[in-house]
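**Q** Note that the protein sequences, when read in sequence, are chains A and B.
Using the numbering used here, read the first sequence as starting at 306 and increasing by one per residue.
Using the numbering used here, read the second sequence as starting at 86 and increasing by one per residue.
Please keep in mind that the hints were generated in silico from the structure rather than gathered at the bench.
As the structure is a computational prediction, the values presented were derived from the model and not from experiment.
A virtual CB, placed ideally from N, CA and C, is assigned to each residue, including glycine.
Some hints here could point you the wrong way.
[Said to hold, decoys possible] Quick list of in silico lysine-lysine cross-link-like pairs, DSSO-like style, CA-CA up to 30 Å:
1. A:K368 - A:K355
2. B:K139 - A:K401
3. B:K88 - A:K683
4. A:K594 - B:K95
5. B:K238 - B:K88
6. B:K213 - B:K238
7. B:K436 - B:K358
8. B:K139 - B:K95
9. B:K139 - B:K196
10. B:K436 - B:K403
11. B:K358 - B:K95
12. B:K217 - B:K196
13. A:K581 - B:K213
14. B:K217 - B:K88
15. A:K749 - B:K308
16. B:K238 - A:K594
17. B:K358 - B:K403
18. B:K88 - B:K436
19. A:K683 - A:K401
20. B:K105 - A:K403
21. B:K213 - A:K595
22. B:K266 - A:K594
23. A:K581 - B:K95
24. B:K213 - A:K594
25. A:K401 - B:K95
26. B:K196 - A:K595
27. B:K88 - A:K581
28. B:K213 - B:K196
29. A:K595 - B:K217
[As the list claims (entries may be wrong)] Residues from chain B shown here face chain A by an in silico Cβ test under 8 Å; the list is partial:
30. F155
31. A157
32. V300
33. G301
[What the hints assert, rightly or not] Short derived list, chain B residues pointing at chain A, Cβ under 8 Å:
34. D179
35. L253
36. L257
37. I340
38. F359
39. Y430
40. P434
Here are the chains, one letter per residue:
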Amino acid sequence: MKLLQKSLNNIWNFVILFAFVIVGLLLIYPLYNIFLSSFIHNETDSLTLKNYIDILGRSYYRKAIYNSIFVGFSSMAGALLIGVPLAFFTSRFNIKGKSVISTLAILALVSPPFIGAYAWITMLGSNGWLRHGFESLGIPMPTIYGPLGIIIVFSLKLYPFVYLLTSSALSNINSSLEDAAESLGYRPFSKFIHVTLPLILPAISTGALLAFVLSLADFGTPSIIGRNFRVLSTLAYNLFTSEMGGNPGLASTVSIILILVSLFFVYTQRIIIRNKDFGSDMLNPPEIKKLSRLTTIPVHFLCYFIVFLSSLPSLVVIYNSFRKTSGPVFRPGFGLDSYRRVINDVPEAIFNSFVFSISAVILIVLFGTLIGYVVTRKPSILTGTLDSLLMIPYIVPGVVLGLGFIVSFNSNPIVLTGTAIIIILVIFIRRLPYSVRSSASILKQINIGLEEAAISLGAGPAKTFLKVTLPLMLPGVFAGAMMAFITAINELSSSIILYVGGTVTMPVRIYLSVLDGEFGTAASLSTILLAATGVAVYTIIRITDSDEGAFL
Amino acid sequence: MSKVQLNNLKKNYSEVEALKQFTLEIQSGELFTLLGPSGCGKTTLLRTIAGFNKQDSGTIMVDGVEIDNFPAYRRDIGMVFQDYAIFPHMSVEDNIAFGLRNRGVSRHGIKNRVSDALETVQLSGLEKRMPKELSGGQQQRVGLARALVIQPKILLMDEPLSNLDAKLRIELREDIRQIQKDLGTTTIYVTHDQEEALVISDRLCIMRSGQMVQVGTPWEIYKKPADHFVASFVGNMIFLPWPLAGMKDQNSEKIREIESLSGLNINASDHDKFQIGIRPEEVVISNQTSVLDGNVISLSGIVENISFSGREAQLHIKLIDGNMLMANISRPDETFLEEVGKTVYLELPQKAIMFFNKDNGLRC
Numbered sequence: 306m307k308l309l310q311k312s313l314n315n316i317w318n319f320v321i322l323f324a325f326v327i328v329g330l331l332l333i334y335p336l337y338n339i340f341l342s343s344f345i346h347n348e349t350d351s352l353t354l355k356n357y358i359d360i361l362g363r364s365y366y367r368k369a370i371y372n373s374i375f376v377g378f379s380s381m382a383g384a385l386l387i388g389v390p391l392a393f394f395t396s397r398f399n400i401k402g403k404s405v406i407s408t409l410a411i412l413a414l415v416s417p418p419f420i421g422a423y424a425w426i427t428m429l430g431s432n433g434w435l436r437h438g439f440e441s442l443g444i445p446m447p448t449i450y451g452p453l454g455i456i457i458v459f460s461l462k463l464y465p466f467v468y469l470l471t472s473s474a475l476s477n478i479n480s481s482l483e484d485a486a487e488s489l490g491y492r493p494f495s496k497f498i499h500v501t502l503p504l505i506l507p508a509i510s511t512g513a514l515l516a517f518v519l520s521l522a523d524f525g526t527p528s529i530i531g532r533n534f535r536v537l538s539t540l541a542y543n544l545f546t547s548e549m550g551g552n553p554g555l556a557s558t559v560s561i562i563l564i565l566v567s568l569f570f571v572y573t574q575r576i577i578i579r580n581k582d583f584g585s586d587m588l589n590p591p592e593i594k595k596l597s598r599l600t601t602i603p604v605h606f607l608c609y610f611i612v613f614l615s616s617l618p619s620l621v622v623i624y625n626s627f628r629k630t631s632g633p634v635f636r637p638g639f640g641l642d643s644y645r646r647v648i649n650d651v652p653e654a655i656f657n658s659f660v661f662s663i664s665a666v667i668l669i670v671l672f673g674t675l676i677g678y679v680v681t682r683k684p685s686i687l688t689g690t691l692d693s694l695l696m697i698p699y700i701v702p703g704v705v706l707g708l709g710f711i712v713s714f715n716s717n718p719i720v721l722t723g724t725a726i727i728i729i730l731v732i733f734i735r736r737l738p739y740s741v742r743s744s745a746s747i748l749k750q751i752n753i754g755l756e757e758a759a760i761s762l763g764a765g766p767a768k769t770f771l772k773v774t775l776p777l778m779l780p781g782v783f784a785g786a787m788m789a790f791i792t793a794i795n796e797l798s799s800s801i802i803l804y805v806g807g808t809v810t811m812p813v814r815i816y817l818s819v820l821d822g823e824f825g826t827a828a829s830l831s832t833i834l835l836a837a838t839g840v841a842v843y844t845i846i847r848i849t850d851s852d853e854g855a856f857l
Numbered sequence: 086m087s088k089v090q091l092n093n094l095k096k097n098y099s100e101v102e103a104l105k106q107f108t109l110e111i112q113s114g115e116l117f118t119l120l121g122p123s124g125c126g127k128t129t130l131l132r133t134i135a136g137f138n139k140q141d142s143g144t145i146m147v148d149g150v151e152i153d154n155f156p157a158y159r160r161d162i163g164m165v166f167q168d169y170a171i172f173p174h175m176s177v178e179d180n181i182a183f184g185l186r187n188r189g190v191s192r193h194g195i196k197n198r199v200s201d202a203l204e205t206v207q208l209s210g211l212e213k214r215m216p217k218e219l220s221g222g223q224q225q226r227v228g229l230a231r232a233l234v235i236q237p238k239i240l241l242m243d244e245p246l247s248n249l250d251a252k253l254r255i256e257l258r259e260d261i262r263q264i265q266k267d268l269g270t271t272t273i274y275v276t277h278d279q280e281e282a283l284v285i286s287d288r289l290c291i292m293r294s295g296q297m298v299q300v301g302t303p304w305e306i307y308k309k310p311a312d313h314f315v316a317s318f319v320g321n322m323i324f325l326p327w328p329l330a331g332m333k334d335q336n337s338e339k340i341r342e343i344e345s346l347s348g349l350n351i352n353a354s355d356h357d358k359f360q361i362g363i364r365p366e367e368v369v370i371s372n373q374t375s376v377l378d379g380n381v382i383s384l385s386g387i388v389e390n391i392s393f394s395g396r397e398a399q400l401h402i403k404l405i406d407g408n409m410l411m412a413n414i415s416r417p418d419e420t421f422l423e424e425v426g427k428t429v430y431l432e433l434p435q436k437a438i439m440f441f442n443k444d445n446g447l448r449c
C-alpha cells in the first residue's frame, strides 16, 4: 500500500514536471521569442529599440493602438448596455421562456465572431438585403464597414459574458440586503444604485473585461468587416504576412503592445474589484417579481429582441447556405449548390477541422484534468506557479501566439511549421487553461470529505481516485471537453497564421471565401461549423443540467 | 410609540392560505411576539406589515392611519433580519448611517446619531470596521442600531437571534429587551423559539397555519394555554388519557373529586372524550406511597430512562397502562442515576392538571 502511495505521488510529480515542460515549450518559449524579436532590427539583426520607436512614433501605427482601444471600449460598452439589462430582467422578473433566452445567448457566445461579421455584411453591406429594405423605405443606413460594424458584431457576440455573469450575481444576492435598504427608506432605483449595483460590480466588471480583452484579441471580425480600419491584431498579421516582405520585428512589437494593453486592463479591473468580492450566504434568494400588465410586453419584447438580434447572423448564414448559387453569386430559389461545392472543392477543410479539433480536445482533456488535479489537490509553490503561468493564454491573442509558434518552430531544433501538429498544439495550449480551470472548479465542488470517507472505509488512494473522485468529475470533464471542442473547431486567429494549403480548416476557409466574395461557400461551411457547435452546446446543456457557468 | 392594528388580514400564496382573516391590536410601546412553528405564517405577517408583501384583503393601521398602499420605503419601519442583512460593502458606520442619508439629516446630525446608536448597542469604537471583520453577534447589533437610528414608528424583528449560538442568543436577547424598554419603540418580534418568546415579550401571539391561536402575556400562555397545540408548543407537556389507568384509588368518587376541583362536570360515559396534560416540572416523585389526598393523584411506574442535562434530570417513567410520563427533578443527586428499572411513586397535583377536549383540543 505504501509503495502504491509512493508511486502515485511519483505520478503526480511526473505530471507537474511534464506540465512545466509543456508550458515552457509551448507558451514561454514562443512568447520569449516574440519578445526578443521585438527588439531586433529587421535589416541588421542587431538589438534595437527602433521597432518600438516606429510603432509609437508613426501615426500610421499609433492609430491602430487608438483604434483597438476605441473598439475595445465601445464593444465593452455595447456588451454592458445589452447584457446588464437583460440579466436584470431575466433574473428578477417572471420572463417567460428564460431557458430559451439563455440558450440563444449561449449560442451567440459560442458561435465564431467572424460568422457574425460575414452575416452582417450580407445584411447591411453595400449589397445587403436589409440595407435595400431600409433604403426602399427611405431610411438611410450608415456603412457597416469600419468601426461601426466591428462594434456591432462584438457587442452582439460578447454581451453574453456580461449577461451570464451578471445574472448569476443578481440571483446570488441575499434578498434581505435589498429589503433592508427598502425598509430604511430607499426607493427601488436608489436601492439598486446603493446596494444591488455595488454587490454585482465584480461580476459586471469581469464580464466587461472579458468583452474588452476578447474584442482586442479577435482577428477575424476587424479583418472581414473593418476594411481599412486597422487595429492591433490585423496590423500584426499584416506586418508579418505582408507581400512586400514581412517585418517580423514590427509584428512582434505590435504583439507585445497588444499583450501590454490587455494586461493593463486586466490589472486595472483587479484593482477596481479588490476587496469587493463579498460572496453570499444566500439565505434568501431574491424574489422573482411579477411584471405589471403595462410593462410585461415591452420588457419581453426587449429581452427577445436582444437574443433574436444576436442569433440573427447565424440564422442568416444558415438561410444563405441553402440559397441557389451560380459561381459566387446568389440566385433566387433554394438548393444545395453551396454544400455540393464545399464537398467537391474543399473537403479537406472539413476533414482537417474535425481531426485537428478532436486531437486537440483529447490532449486538452487529458492534461487539463491531470493538471487541474495537481493544482487543487497538491498545492505547493510549484503547482501555484503552474497555475499562474496558465493564466497567460487568457491575455495572449491567437494571432500573437500564432506568430510566436512560427518564429519558434520554423528552424532547428524543432521544425513544425506547415504541419498539422503545429495547429493542434497551438489550439491545445490556448485552451488548456480553460480545461485546467474547469476541472479545478469541479474538484473544488467535490467535497473532500467524500474522498476521506472512502479512505476511512479502507479504500487506498488509487482506488479512491478511480472509484470516487474520477466518477464524480466525469460529467464536468466531459462538458469541459465539449467546450474545448467548440473553441477548437472555431479557432481562426492562430490558424490563419499557421495554416498551409494542406492544413486549411473551416474557419480559415470561411475567412478566405468571404474575402474572395464566395458567400455561398462561406455560408455552407459556417452552417456546418454552427451545426457542430450546436450539437456540442446541446450536449453540455444536457450533461450539466443547463448550468450556464459551463460556458464561461 | 405607535399602535398597530391589523384588521382581517388575508394572504394566499398560490392555493395555500398563509394568513387567514388575521385581526390583532398591538399596543403602543409593547414588545409583541409572533410565535409559531415554521410555516405558520408569522414571517409572512411580519413582511406584510413591513410592506414587502401585499395582503390580499384587510387593512393595516399605524396610529389610526391606513398604510396599505404605502410601499415599504414609505412605511417608516425599522427591520432587523435573521441573516443580519448588513451591507457587506459598507463599514459599520456607513451601514448605520444608510437610513439617515436619504432622510436629509445633516452630516453632523448623522455623526452624532450613529455614535449614539453604536453606544446603545455597545459597539462604540467599531465605526470603521467592515462587516466581515465582525462576529455574527456584532453584526446583528449593527443591524439593530441601523434599524433604531432612524427612530422608526415600529421595529420589526424577524428571528434576529436564530443564527447565533446559544450563549450569545441569551446575551443579545436580554440586551434587545432592555434597549426596547428604554426606547419604548413598538416592536413586533418573530421567533420559533418558545423560551425566547416567553423571556422577551410583553405579550405574544401563538400562530398556527395562518391563524391566531392565542394571544396573551407569557404567564397566560404558559399557565393557561388555550388548547392542546399551545400547551405542547410552549414548554413541555405530557398528555395522558383520562381517567388514568394507574390511579391507585381508581374509583369514581376520586375521579369526580378531581374533575370538580378542576371545575368540570363530566358524565361517566364521556370520560374518553377528555385527556389531561401536565408539565414535567409539576410531577412530584417520591419513594413511597403518599397519603391519600383529594388534591393529588397518586400513581406508580417504572423508571425506564434518565436524561441528565446538568441543571436538572428528567425521568422517563412507564405507567401501568404503558403510557410514558416525564418528571423533572431539579438539583438531582447522584442516587437518581440508580433509579433506572426501579418502581417510583408519583404525585400529580390537581392544580397542575389541565383538561383538554379531545375533539377540538381546547382546554376545559
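**Q** Each hint needs a verdict: does it hold in this structure or not?
**A** Structure-based check of each hint:
1. A:K368 - A:K355: holds (18 Å)
2. B:K139 - A:K401: holds (23 Å)
3. B:K88 - A:K683: violated (63 Å)
4. A:K594 - B:K95: holds (20 Å)
5. B:K238 - B:K88: OK: K238 of chain B and K88 of chain B at ~9 Å, within 30 Å.
6. B:K213 - B:K238: holds (28 Å)
7. B:K436 - B:K358: Given that 30 Å is the threshold and the Cα spacing comes to 20 Å, the pair holds.
8. B:K139 - B:K95: Holds, at roughly 9 Å.
9. B:K139 - B:K196: The hint is violated at about 35 Å.
10. B:K436 - B:K403: holds (23 Å)
11. B:K358 - B:K95: violated (34 Å)
12. B:K217 - B:K196: Judged against 30 Å, a Cα distance of about 22 Å means the pair holds.
13. A:K581 - B:K213: Holds, because 16 Å separates the two Cα atoms, which is no more than 30 Å.
14. B:K217 - B:K88: violated (37 Å)
15. A:K749 - B:K308: violated (53 Å)
16. B:K238 - A:K594: holds (28 Å)
17. B:K358 - B:K403: Holds, at roughly 23 Å.
18. B:K88 - B:K436: violated (37 Å)
19. A:K683 - A:K401: Violated, because 45 Å separates the two Cα atoms, which is more than 30 Å.
20. B:K105 - A:K403: Given pair K105 of chain B, K403 of chain A is violated - Cα atoms ~34 Å apart, limit 30 Å.
21. B:K213 - A:K595: violated (39 Å)
22. B:K266 - A:K594: It is violated: about 38 Å lies between the C-alpha atoms, which goes past 30 Å.
23. A:K581 - B:K95: With a Cα-Cα distance of about 42 Å, the restraint between K581 of chain A and K95 of chain B is violated, given a limit of 30 Å.
24. B:K213 - A:K594: violated (35 Å)
25. A:K401 - B:K95: holds (29 Å)
26. B:K196 - A:K595: Roughly 39 Å separates the two Cα atoms, so the pair is violated.
27. B:K88 - A:K581: violated (42 Å)
28. B:K213 - B:K196: The given pair, whose Cα atoms are some 13 Å apart, holds under the 30 Å limit.
29. A:K595 - B:K217: violated (34 Å)
30. F155: Given a least distance of 11 Å, the restraint on F155 of chain B is violated.
31. A157: holds (4 Å)
32. V300: Interface hint status for V300 of chain B: violated (25 Å vs cutoff 8 Å).
33. G301: Constraint on G301 of chain B not satisfied, violated at 29 Å.
34. D179: violated (10 Å)
35. L253: Violated: closest Cβ of chain A sits about 17 Å from L253 of chain B, beyond 8 Å.
36. L257: violated (18 Å)
37. I340: Because about 53 Å separates I340 of chain B from the closest Cβ in chain A, which is outside the 8 Å limit, the hint is violated.
38. F359: Violated, because the Cβ-Cβ distance from F359 of chain B to chain A comes to roughly 44 Å (cut-off 8 Å).
39. Y430: Status violated, d = 50 Å.
40. P434: violated (45 Å)
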